[in-house]
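> Sequence:
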Amino acid sequence: MSDYLVIVESPAKAKTIERYLGKKYKVKASMGHVRDLPKSQMGVDAENDYAPKYITIRGKGDVVKDLKAAAKKAKKIYLAADPDREGEAIAWHLAHILNIDEQSECRVVFNEITKEAIKESFKHPRSINMNLVDAQQARRILDRLVGYNISPLLWKKVKKGLSAGRVQSVAVKLIIDREKEIENFKPEEYWSIDAQFLKDKELFQGSFYGVNGKKVALKTEADVKEIKQMLQGDQFTVDKVNKKERRRNPAQPFTTSSLQQEAARKLNFKAKKTMMVAQQLYEGIDLGRQSGGITGLITYMRTDSTRISETAKNETKSYISEQYGREYLGPNKQAKQSESAQDAHEAIRPTSVLREPNTLKSILSRDQLRLYKLIWERFLASQMAAAVMDTMTVHLLNNNVEFRATGSKIKFKGFMKVYVEGNDDNKKDENKLLPALTEGMKVKAQEIKPNQHFTQPPPRYTEARLVKTMEELGIGRPSTYAPTLDTIQRRGYVSVDNKRFVPTELGTIVLELVEEFFPKIIDVDFTAQMENDLDAVEEGRTEWVKIIDQFYQEFEKRLKKAEQEMEKVEIKDEPAGIECENCGHEMVYKMGRYGKFLACSNFPECRNTKPILKKIGVNCPKCKNGEIVERKSKKRRTFYGCDQFPECDFVSWDKPISRPCPKCNALLVEKKAKKGTQIQCTNCEYKEEVQK
Numbered sequence: 033m034s035d036y037l038v039i040v041e042s043p044a045k046a047k048t049i050e051r052y053l054g055k056k057y058k059v060k061a062s063m064g065h066v067r068d069l070p071k072s073q074m075g076v077d078a079e080n081d082y083a084p085k086y087i088t089i090r091g092k093g094d095v096v097k098d099l100k101a102a103a104k105k106a107k108k109i110y111l112a113a114d115p116d117r118e119g120e121a122i123a124w125h126l127a128h129i130l131n132i133d134e135q136s137e138c139r140v141v142f143n144e145i146t147k148e149a150i151k152e153s154f155k156h157p158r159s160i161n162m163n164l165v166d167a168q169q170a171r172r173i174l175d176r177l178v179g180y181n182i183s184p185l186l187w188k189k190v191k192k193g194l195s196a197g198r199v200q201s202v203a204v205k206l207i208i209d210r211e212k213e214i215e216n217f218k219p220e221e222y223w224s225i226d227a228q229f230l231k232d233k234e235l236f237q238g239s240f241y242g243v244n245g246k247k248v249a250l251k252t253e254a255d256v257k258e259i260k261q262m263l264q265g266d267q268f269t270v271d272k273v274n275k276k277e278r279r280r281n282p283a284q285p286f287t288t289s290s291l292q293q294e295a296a297r298k299l300n301f302k303a304k305k306t307m308m309v310a311q312q313l314y315e316g317i318d319l320g321r322q323s324g325g326i327t328g329l330i331t332y333m334r335t336d337s338t339r340i341s342e343t344a345k346n347e348t349k350s351y352i353s354e355q356y357g358r359e360y361l362g363p364n365k366q367a368k369q370s371e372s373a374q375d376a377h378e379a380i381r382p383t384s385v386l387r388e389p390n391t392l393k394s395i396l397s398r399d400q401l402r403l404y405k406l407i408w409e410r411f412l413a414s415q416m417a418a419a420v421m422d423t424m425t426v427h428l429l430n431n432n433v434e435f436r437a438t439g440s441k442i443k444f445k446g447f448m449k450v451y452v453e454g455n456d457d458n459k460k461d462e463n464k465l466l467p468a469l470t471e472g473m474k475v476k477a478q479e480i481k482p483n484q485h486f487t488q489p490p491p492r493y494t495e496a497r498l499v500k501t502m503e504e505l506g507i508g509r510p511s512t513y514a515p516t517l518d519t520i521q522r523r524g525y526v527s528v529d530n531k532r533f534v535p536t537e538l539g540t541i542v543l544e545l546v547e548e549f550f551p552k553i554i555d556v557d558f559t560a561q562m563e564n565d566l567d568a569v570e571e572g573r574t575e576w577v578k579i580i581d582q583f584y585q586e587f588e589k590r591l592k593k594a595e596q597e598m599e600k601v602e603i604k605d606e607p608a609g610i611e612c613e614n615c616g617h618e619m620v621y622k623m624g625r626y627g628k629f630l631a632c633s634n635f636p637e638c639r640n641t642k643p644i645l646k647k648i649g650v651n652c653p654k655c656k657n658g659e660i661v662e663r664k665s666k667k668r669r670t671f672y673g674c675d676q677f678p679e680c681d682f683v684s685w686d687k688p689i690s691r692p693c694p695k696c697n698a699l700l701v702e703k704k705a706k707k708g709t710q711i712q713c714t715n716c717e718y719k720e721e722v723q724k
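So for the sequence shown, the numbering used here puts the first residue at 33; every next one is plus one.
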């Protein structure tokens, strides 16, 4: 019989913690929540202070039975679920099931699963924090009231299987609003003039700036001609040389949001995958007996704080001094928190910076290693010195027409020796050097080239951009980003094209209905304020029932109005103009999870369905009779195949193009490369860069 019973959420975590605590402790896993609101009914009594009706989750009966049996044998029970609102709620539900006094010192929390952190946390048990529980309970009840009232309405008026949630509806609105911006965008013409200058056999580039010291915008070709007519020959005089030293500071250590964004940019991970792999690194990896067995490699991954502990700082300082030298040490100051940060626990960091990624290659899976390396490098860089750049701007004159050339070189790499933050626009950190130029020097313009441009619409949201926008607007919290993005895709409200979100027709229809009858649900400011209200509940500044009631009073009125006035939306089947090859009836366009598809109008007698094939204007290189069409794999990844499938089995992940290879006459394809897009031959080594 064990003296103490410890209950955590996952079996992997249980094994690690049991080994750290010793023989007197028995550690068991609750496998997440054991109680929740019922799936088959609302489970919230709006007439009685929104009292929730909790039941044991289906399938958790044996887990609960096992925990009760173990609890009877233990002298003391510790509840050690994750250190956030969700974890606090799990601990509270366990206390209820096991008859533990929630005011007793039964709750243990830790930010990292290491021997030192676990042992220290058990020295300081506390009671269950009911403010945290109430904040999580308020979110759950609020989402239940919205979802279980609006969803049946949508089933009745549109189609079965639809849903509308608070945060997911706002996310869909952001995507649809962006699509409208793109559709309504009117490109404007503008021009630039670039020049190649020569100084002592060294070429460097400059661009037109203005006339008589004032910046001039070039809107038309006529503006360009006017400037070119002002130029007298190809000799330019160096009028000014400005040299400056610029410092670039490292990015702060990861929060949940910034980790999801950077993993999307650098590793091509979806938010859901990032959190799944991070959970594995947090809960513990078996490093082998000599290296400490199962060990948590990173701190808790649901956080909006950039704060780090003094212990971690000191260890990292020593590591940087030894590995890189004292000049690479960053200033000893605490990172500034964002205004909305809850700062419940530390930033995401390695549990020990001494555990270098290259020492774990044989232990971690490929995805685990890549994510750990990203977290390790970001954290290490955050504690290092700023990079120092020497910048140089040269003003070049010809008859008062001014061109400018800029250059820079890294004087001291600082944190850039380890890590440089990615960006959404694929901009490269350039290290362009200019020749030694002094005022009064003459240089020759070898080529002066005007370029026509058009303004571009705002880009569609990638996962990284959408998470960043949601965080900036205060929509959702660290634990909600990944499930929200996953939900809107599973519901078929958005699809993903070239890693960017595109709203579906279904998503647009649902949003228009929600916008008409429940405007607050998709109001960005209202949703952000609701998050602040939930934070106020967590901090004990307001009561959760009051927050729910303020929302529900108006929501209930709108719900009654919607039930009476919302018209049934009939998504009619459009005739496709082709016959079903199985039964001869006409094929029609139907609305599905990922948009429209072809189906037989004789359903359910005939269940023939087909995807709508998007032709790309290329004949099949294999059978010569078919045409290449765009298709989607089960994981929604785009590939290309012959429209005569299954008679012809030609497939390609890369997009074929219509002209043949000039060298061998074989098929050419567009291939994504680090520097953009390349056209490559599928048979020989012929390559060409795609003109931007």
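Keep in mind the hints are simulated off the structure, nothing from the lab. This one's a predicted model, so the numbers in the text were calculated from it and none came from an experiment. Keep in mind that a hint or two might mislead.
[As the list claims (entries may be wrong)] Straight-line distance between alpha carbons at most 30 Å, and here's what the computed DSS-like set of lysine-lysine pairs gives:
1. K687 with K703
2. K600 with K531
3. K218 with K600
4. K464 with K405
5. K272 with K260
6. K85 with K55
7. K302 with K107
8. K85 with K56
9. K275 with K481
10. K622 with K260
11. K589 with K622
12. K191 with K600
13. K578 with K622
14. K151 with K105
15. K441 with K246
16. K345 with K305
17. K600 with K302
18. K604 with K192
> Is the straight-line distance between the alpha-carbon of K85 and that of K55 30 Å or less?
At roughly 38 Å apart (the allowed maximum being 30 Å), K55 and K85 break the hint.
> Does K589 pair with K622 here, judged by a C-alpha cut-off of 30 Å?
34 Å, violated
> Hint check: K345 vs K305, CA-CA at most 30 Å. Holds or violated?
29 Å, holds
> Taking only the CA atoms, is the gap from K600 to K531 under or equal to 30 Å?
34 Å, violated
> For a C-alpha distance cap of 30 Å, please report whether K151 and K105 respect it.
Holds, at roughly 22 Å.
> Verify the proposed pairing of K302 with K107, using a straight-line Cα cut of 30 Å.
Violated, at roughly 44 Å.
> With the threshold set at 30 Å, check whether the alpha-carbon distance from K622 to K260 stays at or below it.
It is violated: about 58 Å lies between the C-alpha atoms, which goes past 30 Å.
> Is K604 within 30 Å of K192, Cα to Cα?
15 Å, holds
> Would you mind confirming whether the straight-line C-alpha gap from K687 to K703 stays at or under 30 Å?
7 Å, holds
> Could you grab the alpha-carbon distance between K272 and K260 and see if it respects the 30 Å cut-off?
Given that 30 Å is the threshold and the Cα spacing comes to 22 Å, the pair holds.
> Are K218 and K600 close enough, with their CA atoms no more than 30 Å apart?
35 Å, violated
> Does K578 pair with K622 here, judged by a C-alpha cut-off of 30 Å?
Violated: K578 and K622 sit about 45 Å apart, past 30 Å.
Checked against the numbered hints listed earlier, the structure breaks hints 2, 3, 6, 7, 8, 10, 11, 13, 17; every other hint is satisfied.
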